[in-house]
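Heads up: the sequence lines are chains Z and R, in that order.
Numbered per the working numbering, the first sequence spans residues 1 to 370.
Numbered per the working numbering, the second sequence spans residues 1 to 127.
If you are wondering where the hints come from, they were derived from the structure by calculation, not from laboratory data.
All C-beta atoms, glycine included, are put in the ideal place defined by N, C-alpha and C.
Hints are not guaranteed to be accurate.
Heads up, incomplete: computed chain R residues facing chain Z, CB under 8 Å, no partners named [stated by the list, open to error]:
1) 40
2) 43
3) 47
4) 61
5) 64
Pulled from the structure, derived: some chain R residues nowhere near chain Z, Cβ distances all over 10 Å [unchecked claim]:
6) 2
7) 17
8) 55
9) 66
10) 70
11) 83
12) 105
13) 115
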Amino acid sequence: MLKRTPLFEAHQKLAARLVEFGGWEMPVHYTSIMEEHRVVRTAAGIFDICHMGEVSITGAGASSFLNQVLTNDIAKLRVGEGQYSLMCNPAGGVIDDLYVYKLGVQEYLLIINASRIDADVPWLLQEAQRDIGAGVLVTNQSETLGAIAIQGPTVEKFIDQCVDTFDRAPSSLLKNQITRGEFAGQPVYLARTGYTGEDGFELVGAASIMTDLWQRALQVGLVHGLKPAGLGARDTLRTEVCYPLYGHELDEKRTPIEAGLGFFVSLDKGPFNGREILAMQKLQGAPQRCVAFKMIEKSPPPRPHYRVWFDGQPVGEVVSGTLSPSLNLGIGMAYVPTTVAQPGSRIEIEIRGQRFAAEVVKKPIYRKAS
Amino acid sequence: MSNIPSDLRYAKSHEWVRVAGDHATVGITDHAQHELTDVVFVELPQVHRIVKAGEACAVVESVKTASDIYSPVSGQIVEINAALSNNPGLVNTDPFGDGWFYKIKLSDAAEPEAMLAAEAYGKQVQG
Chain Z
1 MLKRTPLFEA HQKLAARLVE FGGWEMPVHY TSIMEEHRVV RTAAGIFDIC HMGEVSITGA
61 GASSFLNQVL TNDIAKLRVG EGQYSLMCNP AGGVIDDLYV YKLGVQEYLL IINASRIDAD
121 VPWLLQEAQR DIGAGVLVTN QSETLGAIAI QGPTVEKFID QCVDTFDRAP SSLLKNQITR
181 GEFAGQPVYL ARTGYTGEDG FELVGAASIM TDLWQRALQV GLVHGLKPAG LGARDTLRTE
241 VCYPLYGHEL DEKRTPIEAG LGFFVSLDKG PFNGREILAM QKLQGAPQRC VAFKMIEKSP
301 PPRPHYRVWF DGQPVGEVVS GTLSPSLNLG IGMAYVPTTV AQPGSRIEIE IRGQRFAAEV
361 VKKPIYRKAS
Chain R
1 MSNIPSDLRY AKSHEWVRVA GDHATVGITD HAQHELTDVV FVELPQVHRI VKAGEACAVV
61 ESVKTASDIY SPVSGQIVEI NAALSNNPGL VNTDPFGDGW FYKIKLSDAA EPEAMLAAEA
121 YGKQVQG
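If we strip away everything but chain Z, and leave its shape as in the complex, we get (with noise of 0.2 Å):
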């Protein structure tokens, strides 16, 4: 049986068309993806990421107990901000990646994958059994809790009235900030941040006023161009400006330096799990590294597990690829050895038997024209 979400009605009655996705029947579009992600692009999309997990870490050992299960330095956030990071194993492979917001002193929020909340409550709870665990608390609230992101060029202009009262206007936050509102009575924590390489906020509150919450939004953002927008989209978006997806970018086998993303692993912050083989790593490079790449010769959309070509030597994978819809070509990203990782290495990906000319470029793959 497939989980559903507060907003599955909602979804049903815009007519979406729904798919499986990590155990949960979500939408994949409600026009069609290409659609939906112009409107991202160009206006604002509203998107249901209630099946996404929370976790809260409090107690006066959570910034410890945090920068010790964490790649990223959490003595870098005051109250009121969160940041992207990796939850590693001893072996520097990846359990997941998230952002965690500092929500007081001793407060803190997880947003985790979805896939993932099975692996990760279970991972958190045992670390915390630990010494680096003294005065924490882990509390799942995947279950109480709903999020929905609002992403998009417009989205600034109507944020603010999506709830009916706010500590610090959403509107002036600056991006990874975080403030608390209330909607319904209830509170809700609006963060300005997002996956899909625009402006946007997410919205995390209780489950309960998901559907209202969403209908607000709607309301509120129509004369802003605001549409749903579904998983579909979501994930074209995020390839364009080469944001990971665990399963694809990353699992427990990768590490973030081989992933790209050693910028959100902090070696001068003390110990952390992983640490010894990310330090070897950053230092000596990685034999893999995940790469993006474009098209440069018509073919049809790389996808995942298409097998990548270098000098006529098969040498990797791709894990997510798609049609661009910004830019109208094949796009994606794939491990290669780190021989090949460079910005114009020509590289070929085989489609049904036939290999296609490619070359490595530089992260992001689409990048707002300024």
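We have chain Z; now place chain R onto it with these hints.
Relative to chain Z, chain R alone:
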């Protein structure tokens, strides 16, 4: 509601054929293009290829997926729709017209007769 012209024959797998003498034109239905959504790439068979009814002979790709297209009839491919190479969206905008896939010389003129008529196909799509 999807459009189902009454002068065509249909396969359960959502291809249509338009018969003219011993030749037929093949494409995918309005219902199929609607289900696939934005068609971004179409891979067509080689001209002169001999195909059997039910054989996968083309691939239609949307943003999300690649789907095989099965030839609804047997014969030899005599022409492919070159326009789809630069404009695969024709499959969405005109599935029964400019969005056709290929023309085939039938090896068994009885095959199209055994396919679904519009009404029967319409029932399948609704059900």
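To see whether the hints hold, each was checked on the structure:
no., hint, result
1, 40, "4 Å, holds"
2, 43, "6 Å, holds"
3, 47, "17 Å, violated"
4, 61, "6 Å, holds"
5, 64, "6 Å, holds"
6, 2, "14 Å, holds"
7, 17, "25 Å, holds"
8, 55, "15 Å, holds"
9, 66, "7 Å, violated"
10, 70, "16 Å, holds"
11, 83, "14 Å, holds"
12, 105, "26 Å, holds"
13, 115, "27 Å, holds"
Checked against the numbered hints given earlier, the structure breaks hints 3 and 9 and satisfies all the rest.
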